[in-house]
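*Asks:* Here are the chains, one letter per residue:
Number of protein chains: 2
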Amino acid sequence: MKKIGIIDIGSNSMRLVVIKINDDLSYRVIDEKKETVKLGMDMTYDGNLSRDRVDKAMISLSFFKDMCIAIGVDEIIAVATEAVRRARNQQYFVERAKDMLGIEIKVLSGKEEAFYDYFGAVNTLDFNDALIMDIGGCSNQLILVKDKKIIESVSLPFGSLNLSEKFHLKEAVNEQNENDFITYLADEYNKIPWLNKAKGLPLIGIGGTIRGIGKINRKRNHYLLEMPHNYKMEIRDIKDIYELVKSKDVSQKQKLKGLSKDRADIFTGAVGAIAHLAELCEASEILVSGSGLREGLFFEYLFKDKKPLTDVLDYSINNIVNDFELDKLHAQRVWSFSKMLYFNLKDAHNIGEAPQKILKTASLLHDCGVNISYYDHHRHSFYMILNAKTYGLTHKEQLMAAHISAFHRKEEFKIDTYKYRNILNEADILTIQKLGVLLKISECLDERLNGNIQGIQCSIDEDSVTIKLSSKDNPEIEIKDALEVSSAFKKLFGKKLYIK
Amino acid sequence: MKKIGIIDIGSNSMRLVVIKINDDLSYRVIDEKKETVKLGMDMTYDGNLSRDRVDKAMISLSFFKDMCIAIGVDEIIAVATEAVRRARNQQYFVERAKDMLGIEIKVLSGKEEAFYDYFGAVNTLDFNDALIMDIGGCSNQLILVKDKKIIESVSLPFGSLNLSEKFHLKEAVNEQNENDFITYLADEYNKIPWLNKAKGLPLIGIGGTIRGIGKINRKRNHYLLEMPHNYKMEIRDIKDIYELVKSKDVSQKQKLKGLSKDRADIFTGAVGAIAHLAELCEASEILVSGSGLREGLFFEYLFKDKKPLTDVLDYSINNIVNDFELDKLHAQRVWSFSKMLYFNLKDAHNIGEAPQKILKTASLLHDCGVNISYYDHHRHSFYMILNAKTYGLTHKEQLMAAHISAFHRKEEFKIDTYKYRNILNEADILTIQKLGVLLKISECLDERLNGNIQGIQCSIDEDSVTIKLSSKDNPEIEIKDALEVSSAFKKLFGKKLYIK
Numbered sequence: 001m002k003k004i005g006i007i008d009i010g011s012n013s014m015r016l017v018v019i020k021i022n023d024d025l026s027y028r029v030i031d032e033k034k035e036t037v038k039l040g041m042d043m044t045y046d047g048n049l050s051r052d053r054v055d056k057a058m059i060s061l062s063f064f065k066d067m068c069i070a071i072g073v074d075e076i077i078a079v080a081t082e083a084v085r086r087a088r089n090q091q092y093f094v095e096r097a098k099d100m101l102g103i104e105i106k107v108l109s110g111k112e113e114a115f116y117d118y119f120g121a122v123n124t125l126d127f128n129d130a131l132i133m134d135i136g137g138c139s140n141q142l143i144l145v146k147d148k149k150i151i152e153s154v155s156l157p158f159g160s161l162n163l164s165e166k167f168h169l170k171e172a173v174n175e176q177n178e179n180d181f182i183t184y185l186a187d188e189y190n191k192i193p194w195l196n197k198a199k200g201l202p203l204i205g206i207g208g209t210i211r212g213i214g215k216i217n218r219k220r221n222h223y224l225l226e227m228p229h230n231y232k233m234e235i236r237d238i239k240d241i242y243e244l245v246k247s248k249d250v251s252q253k254q255k256l257k258g259l260s261k262d263r264a265d266i267f268t269g270a271v272g273a274i275a276h277l278a279e280l281c282e283a284s285e286i287l288v289s290g291s292g293l294r295e296g297l298f299f300e301y302l303f304k305d306k307k308p309l310t311d312v313l314d315y316s317i318n319n320i321v322n323d324f325e326l327d328k329l330h331a332q333r334v335w336s337f338s339k340m341l342y343f344n345l346k347d348a349h350n351i352g353e354a355p356q357k358i359l360k361t362a363s364l365l366h367d368c369g370v371n372i373s374y375y376d377h378h379r380h381s382f383y384m385i386l387n388a389k390t391y392g393l394t395h396k397e398q399l400m401a402a403h404i405s406a407f408h409r410k411e412e413f414k415i416d417t418y419k420y421r422n423i424l425n426e427a428d429i430l431t432i433q434k435l436g437v438l439l440k441i442s443e444c445l446d447e448r449l450n451g452n453i454q455g456i457q458c459s460i461d462e463d464s465v466t467i468k469l470s471s472k473d474n475p476e477i478e479i480k481d482a483l484e485v486s487s488a489f490k491k492l493f494g495k496k497l498y499i500k
Numbered sequence: 001m002k003k004i005g006i007i008d009i010g011s012n013s014m015r016l017v018v019i020k021i022n023d024d025l026s027y028r029v030i031d032e033k034k035e036t037v038k039l040g041m042d043m044t045y046d047g048n049l050s051r052d053r054v055d056k057a058m059i060s061l062s063f064f065k066d067m068c069i070a071i072g073v074d075e076i077i078a079v080a081t082e083a084v085r086r087a088r089n090q091q092y093f094v095e096r097a098k099d100m101l102g103i104e105i106k107v108l109s110g111k112e113e114a115f116y117d118y119f120g121a122v123n124t125l126d127f128n129d130a131l132i133m134d135i136g137g138c139s140n141q142l143i144l145v146k147d148k149k150i151i152e153s154v155s156l157p158f159g160s161l162n163l164s165e166k167f168h169l170k171e172a173v174n175e176q177n178e179n180d181f182i183t184y185l186a187d188e189y190n191k192i193p194w195l196n197k198a199k200g201l202p203l204i205g206i207g208g209t210i211r212g213i214g215k216i217n218r219k220r221n222h223y224l225l226e227m228p229h230n231y232k233m234e235i236r237d238i239k240d241i242y243e244l245v246k247s248k249d250v251s252q253k254q255k256l257k258g259l260s261k262d263r264a265d266i267f268t269g270a271v272g273a274i275a276h277l278a279e280l281c282e283a284s285e286i287l288v289s290g291s292g293l294r295e296g297l298f299f300e301y302l303f304k305d306k307k308p309l310t311d312v313l314d315y316s317i318n319n320i321v322n323d324f325e326l327d328k329l330h331a332q333r334v335w336s337f338s339k340m341l342y343f344n345l346k347d348a349h350n351i352g353e354a355p356q357k358i359l360k361t362a363s364l365l366h367d368c369g370v371n372i373s374y375y376d377h378h379r380h381s382f383y384m385i386l387n388a389k390t391y392g393l394t395h396k397e398q399l400m401a402a403h404i405s406a407f408h409r410k411e412e413f414k415i416d417t418y419k420y421r422n423i424l425n426e427a428d429i430l431t432i433q434k435l436g437v438l439l440k441i442s443e444c445l446d447e448r449l450n451g452n453i454q455g456i457q458c459s460i461d462e463d464s465v466t467i468k469l470s471s472k473d474n475p476e477i478e479i480k481d482a483l484e485v486s487s488a489f490k491k492l493f494g495k496k497l498y499i500k
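Protein chains in written order, with UniProt numbering: chain U, 1 to 500; chain L, 1 to 500.
For reference, chain U alone in the conformation it holds in the complex (with noise of 0.2 Å):
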């Protein structure tokens, strides 16, 4: 087991992530602490970041230290983005924090930078091409990925903080100035030349901006998962924020429910960027990425390559599996058997092909609740597969997987249809309520745990589906408690079921 400590220093704000790697290299984030020092600010007068906030910085590089060694961290990683990058006396801070605090910052140039924000989105988010956006304090990073490659990015030199002193931005905006920024923005995006070729792709946000803009649209429509990561928006959402907030003062914007005070004075500026991009290439949808810099610097160190990965979802669960230290062939075997059960099953009953990774997910994960408690442990499944790091399902899926999880045990489980009446259908709570009976045979054919049943086979006839078992022993006991389902069975399949 290894402890790392990873410390972005941004324009706006510096971020110490501490995350614990077991020794199957299974990881979770185990503290956090964020500061903001607003690094980048007051610079324009002579490209020197200031010496209070050189101090300051000091001063919070000093507590994350001290955490670091706390928490008994192995090793720390510092970076260090914009604002450093370009400020005229980087040396002095980089030294500084060398010789006060033993830590070596490595400045990030703008490609380097944007890397790690698409190493951070790409191992996290399931997609293949897009258009990846960090917007920083003082600088904006755009990367255009296909088939989960970089192909172009370029860093620019705006972000939250030097927007909002250049145009004025922090109270409420007056015409000329909105004017001055929007052609400032128009003519910054047409210097980029390939920009035409993110037209109409995914626009993934990176950064506290827009998480700002998730958390606050969240509110706006009442959304009921508290899931910020892979919250997915359209143009008109963010241009509707963006009118929302230039005519508020700094005062009226703190009070906006979603947004983080430290950040109302910086907001409007970010989120005009943002959405003149989305709409300039017209994307398909925006969506939040909760992983940026930090998870890229990461994944980086443990992989000890550059390469994505090719399966964001399996890498997910597979790091749940081991980290919580789950049965792995207990759940891979009710994972074959319900996979086995859905391929027969999937055409006859219009559960078509899209649930196969829900119901993966499900199967791989059901038993993870055990980790909070054995008592009700369905339940705790459900909390956590839509709570822990589940990557590479969009929310409607994790909480499919959620509920199906929580339809292993002969405990009940309710599908609380009115509070998710906006994001499950009749059609999903058909597909839940058919996989979970799915699940519970399967779960009840390796009961034993050790592999008992070796294999299923399934006909299908006109009345009736019939699972023929090979076993090693008497699987009387596997085959009464799977024929507990029966009734809904025949309910939701309509034919009658036997096991033999």
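Just so you know, these hints were derived from the structure itself, not from any lab. The reader is advised that the hints may include incorrect statements.
Which copy is meant is left open, so a pair is good if it fits within one copy or across any two.
EDC-like mimics (lysine to aspartate or glutamate), calculated; alpha carbons at most 20 Å apart, straight line [stated by the list, open to error]:
hint : residue 1 : residue 2
1    : Lys-414   : Glu-426
2    : Lys-191   : Glu-152
3    : Lys-191   : Glu-411
4    : Lys-307   : Asp-180
5    : Lys-419   : Asp-99
6    : Lys-255   : Glu-484
7    : Lys-219   : Glu-411
8    : Lys-307   : Glu-75
9    : Lys-255   : Asp-327
10   : Lys-199   : Asp-473
11   : Lys-2     : Asp-323
12   : Lys-56    : Glu-476
13   : Lys-219   : Glu-282
14   : Lys-146   : Glu-285
15   : Lys-106   : Glu-188
16   : Lys-261   : Glu-484
17   : Lys-2     : Asp-305
18   : Lys-2     : Glu-325
Chain U is fixed; fit chain L onto it per the hints.
*Replies:* Below, chain L alone, put in the same frame as chain U:
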């Protein structure tokens, strides 16, 4: 790390529980399995366990054994109670398990069974004096406890199975049968010379019947906490449920919300036995214990002695801290700060004496949600404190502790006052908010995790509260973060907060 399997061969059901014991002796249940064999049924004819049922029991035992091997259990403890205890063919049963499966079954005497019932309850519920009742399939243990010690105990030869058989209680009960039944109960209870010493004490119920009663009652009352252990009822509740079930036939009982189907045929008798006892002893309240024989066996194994815990809450908090590998030093520092603030503020601000253990739980467990995911872990701590094995608090106290812990971070948390309106009154909510603020201050004071703040002093005057810190390094960040509660503090305590 060690895993042990405990097998309990009861007259109605056979159960396996597998518990993982860490090197620091913290523990967690990791698997369970129940088979309803009804071993005690059909014994009345010749006093032998029926061949059929013995065969079934062996199949179940073999299943349990396979599970234990698959899980990697190091040691199996197997015990049998009333049905095997009084079976004429006891030896045959025990030897068959030994020869066929290598499982050594210890047949418990009534006294021993009563002890383990007591030992399971006394180590997971916070009481000094009580009458404990464990009504099983064919016997009924009554244990009088004073000052956490067993004063008297008896094992009565009736339970859900044989009462149902003897008095024909499976279907709706006719008057004659009921009269015979009640007369029999009265006679049996009247034979116990010491039962009058139990008058007015809480009655703690163990076993499937009382858990079933609890579940039915929770459903009937729309009780929102899914917590069977330590659920409190009144004599009236039990009597109502007896009246409800006695006139139903078995198929009607099977439809009863909360009652498991395989208990419907043997439920009426055991409910009657509990209701009659509760009334006879004028029980001050009836508590459901989710722990009994198996937990008692486990605790004896773990403690290597028969002494009950002196502080159930402390022990269970410590178990969670260790099992989930929380930062113990940090947790203790946060608790020492919050305790200090609490003692300084409680009298002047009407917080009262009672919440000390609530605050202690919240303080020591505030980070336990990180176990689910660091992101939003205050919300997960709420979930875990409600659902993990926190023993020694009432449900309401547990709910309050969960809320308070959820207030430990900057991230917002809302009390669902509507959802919990039957449990939390306005004063409780105010207490939660006040203690939540104290916890957040305390957490900030050790957010560096290294004990930088070595001590605090608290002085109060008419308009303000001043917390004076003694620290190793400059506590600038700690103070800044703690002062984020200023306006909430002012609102709740009516005083300005200073931290120096």
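*Asks:* Now, for every hint given, state plainly whether the structure supports it.
*Replies:* Right, here's what the structure says about each hint:
1. Only within a single protomer do Lys-414 and Glu-426 lie at most 20 Å apart by alpha-carbon distance; the minimum there is 14 Å, versus 30 Å between protomers.
2. In the homo-oligomer, the alpha carbons of Lys-191 and Glu-152 lie at most 20 Å apart inside one protomer (14 Å), although the nearest pairing across protomers, at 89 Å, exceeds that limit.
3. In the homo-oligomer, the alpha carbons of Lys-191 and Glu-411 never lie at most 20 Å apart, since the shortest distance is 61 Å inside one protomer and 40 Å across protomers.
4. Proximity of Lys-307 and Asp-180 under a CA criterion of 20 Å is satisfied in neither setting, with 41 Å inside one chain copy and 79 Å between copies.
5. Taking the closest pair of Cα atoms, Lys-419 and Asp-99 never come within 20 Å of each other, the shortest separation being 55 Å inside a single copy and 55 Å across copies.
6. When the C-alpha separation of Lys-255 and Glu-484 is checked against a cutoff of 20 Å, the pair qualifies only between copies, where the shortest distance is 15 Å, while the shortest distance within a copy is 53 Å.
7. Only between protomers do Lys-219 and Glu-411 lie at most 20 Å apart by alpha-carbon distance; the minimum there is 14 Å, versus 33 Å within a single protomer.
8. Proximity of Lys-307 and Glu-75 under a CA criterion of 20 Å is satisfied in neither setting, with 22 Å inside one chain copy and 46 Å between copies.
9. In the homo-oligomer, the alpha carbons of Lys-255 and Asp-327 never lie at most 20 Å apart, since the shortest distance is 47 Å inside one protomer and 35 Å across protomers.
10. In this assembly of identical chains, the alpha carbons of Lys-199 and Asp-473 never lie at most 20 Å apart, being 60 Å within a copy and 53 Å across copies at closest.
11. Both within a single protomer and between protomers do Lys-2 and Asp-323 lie at most 20 Å apart by alpha-carbon distance, with minima of 13 Å and 19 Å respectively.
12. With identical chains, the CA atoms of Lys-56 and Glu-476 are at most 20 Å apart between copies only, with a shortest distance of 10 Å across copies and 69 Å within one.
13. Proximity of Lys-219 to Glu-282 under the C-alpha cut-off of 20 Å is found in neither arrangement, the shortest distances being 25 Å within a copy and 52 Å between copies.
14. In this assembly of identical chains, the alpha carbons of Lys-146 and Glu-285 lie at most 20 Å apart only when taken from the same copy (16 Å versus 67 Å across copies).
15. Taking identical chains as interchangeable, the C-alpha atoms of Lys-106 and Glu-188 are never at most 20 Å apart, the minima being 27 Å within one chain and 81 Å between chains.
16. In the homo-oligomer, the alpha carbons of Lys-261 and Glu-484 lie at most 20 Å apart only across protomers (11 Å), although the nearest pairing inside one protomer, at 54 Å, exceeds that limit.
17. With identical chains, the CA atoms of Lys-2 and Asp-305 are at most 20 Å apart within one copy only, with a shortest distance of 19 Å there and 38 Å across copies.
18. In this homomeric assembly, Lys-2 and Glu-325 come within 20 Å of each other (Cα to Cα) both inside a single copy, at 17 Å, and across copies, at 15 Å.
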